[in-house]
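Residue numbers (mature numbering (1 follows the signal peptide of the UniProt record, and there is no 0)): -15 to -1, 1 to 110.
Source of the hints: derived by calculation from the structure; they are not laboratory data.
What you are looking at is a predicted structure, and each value in this text was computed from that prediction instead of being measured.
Glycine is no exception: its CB is placed at the ideal position from the N, C-alpha and C atoms.
There may be inaccurate statements among the hints.
Below 25 angstroms or equal to it, Euclidean Cα-Cα: the simulated PhoX-like pairs (lysine-lysine) are [claimed, not checked]:
1) Lys42 x Lys85
2) Lys43 x Lys78
3) Lys54 x Lys43
4) Lys54 x Lys40
5) Lys85 x Lys40
6) Lys42 x Lys78
7) Lys78 x Lys40
8) Lys63 x Lys85
9) Lys40 x Lys63
10) Lys54 x Lys42
11) Lys78 x Lys54
12) Lys85 x Lys43
Cβ pair distances, simulated, as ranges [to be verified]:
13) Val104 x Pro39: 30 to 38 angstroms
14) Asn32 x Lys78: 17 to 25 angstroms
15) Asp74 x Asn108: 28 to 36 angstroms
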Amino acid sequence: MRIAVLLATFYSVTSLPTKSADSDSYEDEGDDWECGTDAFTKYMSENQIELDCPKIKKTVNQCCVAHDKCYDDQLGRKHCDDTFCGCLDRVTKGYEVCNKEDGPLFCSMVRQFGAEAYVRAGNHT
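Please take these sequences and the hints and turn them into a complete structure.
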């Protein structure tokens, strides 16, 4: 059941919101949670990470921020998704639930549903 809820919640993880060309830089390391597409999906993903591996919440979020930027910069969808999945795998090592469930779920969602988000991210008109 948990996986079904997470799959439904994270359907849009691949459509992560993008910043326009004239907005603030992604390099700001503020506390804004960026794993998700809207308030609800961000809330769900943030709470799941806080529940399963709170000590690495910031580093998981950094993977999401870097993935957003990669899409914005149009560096290649496969490259961006591979880099994102590798980032999640690295930062969740030592945190069993996050490494075996949450990270692979986030990764799967961007791989399955990221095409539209990638196209939208490159459309800065």
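Non-conforming hints, listed in increasing numerical order: 9
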